[in-house]
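Fit chain H to the supplied structure of chain Z, relying on the hints for placement.
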Amino acid sequence: MTCDEAKILLPEYWSQGLGEAEEIAFEVHLADCEACRTEASRLGSLWKGLALVPAEEPGPQLRGRFYNALSAYRQGLESAARPRWKDKVAAWWPKQPAWQMAASFALLAAGIGIGYGMRGEKPREEVHQLREEVASMRQLVALSLLQQQSASDRLRGVSWAYRAEPSDTEVLSALVSAVKNDSNVNVRLQAVDALHAFAASPMTRQAVVQALPHEKAPIVQVALIDLLVDFKDRDAAGELRKLAATESVDGGVRERAQWAVERLQ
Amino acid sequence: MARVGAGEVAQLAVLFERHHRGLFRYFVSMNRNRDLADDLVQDVFFRMLRYRGSYDPAQSFTAWMYQIARNAGVDQARKRMNDVVDIEEFAERRAELMSPAPGPEETAVRGQDLVLLRRAMDQLPAEKREILVLSRFQAMKYEDIAEVLGCEVGTVKVRVYRAMRALEQIYFTLEKEKAS
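These protein sequences, in sequence, are chains Z and H.
Heads up: the first sequence at position 152 corresponds to 152 in my numbering, and the numbers run straight through without jumps.
Heads up: the second sequence at position 171 corresponds to 1171 in my numbering, and the numbers run straight through without jumps.
With the rest of the complex left out, here is chain Z (with noise of 0.2 Å):
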């Protein structure tokens, strides 16, 4: 191996990736080539420090301003993706001016008894599409920041989480998982609030039920055994009777365990 060669493999040699053949025939080389050995140091070094550099963070705005404008995308796709209702009248609209104003009486009289009939107030099937649509948009945002690894994010994740459909399972087993399992205390009392919009499911109850026992931090105890008193879950007193009778818990937890037992009797 030349020196010329020897340089263009030493980011390579420094990135772990050359392979094993010309990795051993390179530091054959360095070791034969003292030249070659001082720089691949040199450089060496200064590429590990660029890895040390601090990198930039986006603002918090720049993800704001994404999902709004591919809300606002998606929307516009939707409507270009329906025809015009001009078109359509234009194709069916006849051109005689006695079929025209027959025309005309027909759709006055229809529009009144479609009016009459539309008293019940049905809900509109495109402002149904576009909940739904906006409760997906919603749902994908909770669970893509529920699953990041800065903690800030994941709280963020719970705020979006708050803003879903309470029969959305998908988020409430996202929420549900970070109550058991999240490792920041923050992230996970703002998950057991954003609990509270569950209650319907008997899903949510039984995940409270069982993170309680595994809880280690008092203030998130307590906001679980408050969950339980909201919820009027009876089935709860038991274990809750449990955690107050528990010697190694915190004496405040124990309490308001305690009075939640008094509550849910």
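Derived from the structure by calculation, the hints contain no laboratory data.
Among the clues, some could well be false.
Said to hold, decoys possible - When the alpha-carbon atoms are kept at most 20 Å apart in a straight line, the in silico EDC-like pairs for lysine to aspartate or glutamate are as follows: (1) Z:7 / H:1152; (2) Z:7 / H:1143; (3) H:1157 / Z:193; (4) H:1157 / Z:262; (5) Z:48 / H:1168; (6) H:1157 / Z:27; (7) Z:232 / Z:193; (8) H:1141 / H:1152; (9) Z:242 / Z:193; (10) Z:48 / Z:27; (11) Z:48 / H:1175; (12) Z:48 / H:1113; (13) H:1141 / Z:22; (14) Z:180 / Z:170; (15) H:1141 / Z:23; (16) Z:48 / H:1122; (17) H:1157 / Z:170; (18) H:1176 / H:1127; (19) H:1141 / Z:12; (20) H:1128 / H:1152; (21) H:1128 / Z:23; (22) H:1128 / H:1143; (23) H:1157 / Z:235; (24) H:1157 / Z:39; (25) Z:7 / H:1168; (26) H:1178 / H:1168; (27) H:1128 / Z:170; (28) H:1176 / H:1143; (29) H:1128 / Z:22; (30) H:1128 / Z:27; (31) H:1141 / Z:20; (32) H:1079 / H:1038.
What follows is chain H alone, placed relative to chain Z:
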């Protein structure tokens, strides 16, 4: 991306969560302007939507995305060619991005001053800075970088080496200035 290409536009949110930080760092490294980087990241994702039909799932997604990013950056630079940047605004931007004194996490590591290293990166010519940003900050494969830059893999290796040499020279110059 294949799902976005098939019309599931909402899936773009997943790509955004995965890649917006990397793209932001790329643009800040290239332009030293956070507001402009915000706009360009946004632009890249909407170019991805617009040109989703051109994405070939057999191709590397990262390479395709950075090709779009480069084009967005070039278009923006062309637009700004006619803009006269006020010298005070320019100085302000640089001051925002460069902390005057190293913080605790930026103290010298292995005898290096990371603030100096960042300043050396800023002073590199754009094409050298770009290749280091892609290969080191974004940890992209050389094959993908070659696709983004439209050159051979061997050329990428040579360019990375040359960029490191240039970086070293600037770094030592700055170090001497600091010492004197």
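Exercise. Which numbered hints turn out to be false for this structure?
Worked result: 3, 4, 9, 17, 18, 21, 23, 27, 28, 29, 30
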